[in-house]
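A.B. asks: Under my numbering, think of the first position of the sequence shown as 1, with each following residue one higher.
Hint data in this document are derived by calculation from the structure and do not stem from the laboratory. Treat the hints with caution; some may be incorrect.
What the hints assert, rightly or not - BS3-like, lysine-lysine: derived pairs with alpha carbons at most 30 Å apart:
#, residue 1, residue 2
1, K21, K63
2, K9, K33
3, K50, K63
4, K40, K6
5, K32, K50
6, K50, K81
7, K21, K33
8, K9, K50
9, K41, K21
10, K63, K9
11, K21, K9
12, K87, K50
13, K63, K41
14, K40, K21
15, K87, K41
16, K87, K63
17, K6, K63
18, K32, K21
19, K40, K50
20, K50, K6
21, K33, K6
22, K63, K88
23, K21, K50
24, K63, K32
25, K87, K40
26, K32, K6
27, K63, K81
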Amino acid sequence: MTRLTKIEKETIVLFNEGEDKANIYTHNAGLKKRLAAFSKKYPDLCRLEKSNVQGGVSYVLAKSRLSIRFLPPYSEERRQKASEYAKKHGLNSQQG
1 MTRLTKIEKE TIVLFNEGED KANIYTHNAG LKKRLAAFSK KYPDLCRLEK
51 SNVQGGVSYV LAKSRLSIRF LPPYSEERRQ KASEYAKKHG LNSQQG
């Protein structure tokens, strides 16, 4: 078995206008955890359909539970306020 490259580790969200279900196929670790937790909490809305040996999973969920958000970029003013807050509260991205 060959390992997948990062380019090959896709996330695919698939749905159509005629059905009330959405399919999500992913290799993303964070999304896999979120889907697993959601399916455990709401098994009537989300279920694991299959997983593969390369680490990919496929879930089916109610399309009404899926949300896609587009976030605008921060304004310079908001960036400056966030920077000041971080400095004031000792938050430093350079710390390890």
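A.B. asks: Which numbered hints are broken by the structure, listed smallest first?
C.D. replies: 6, 12, 15, 16, 22, 25, 27
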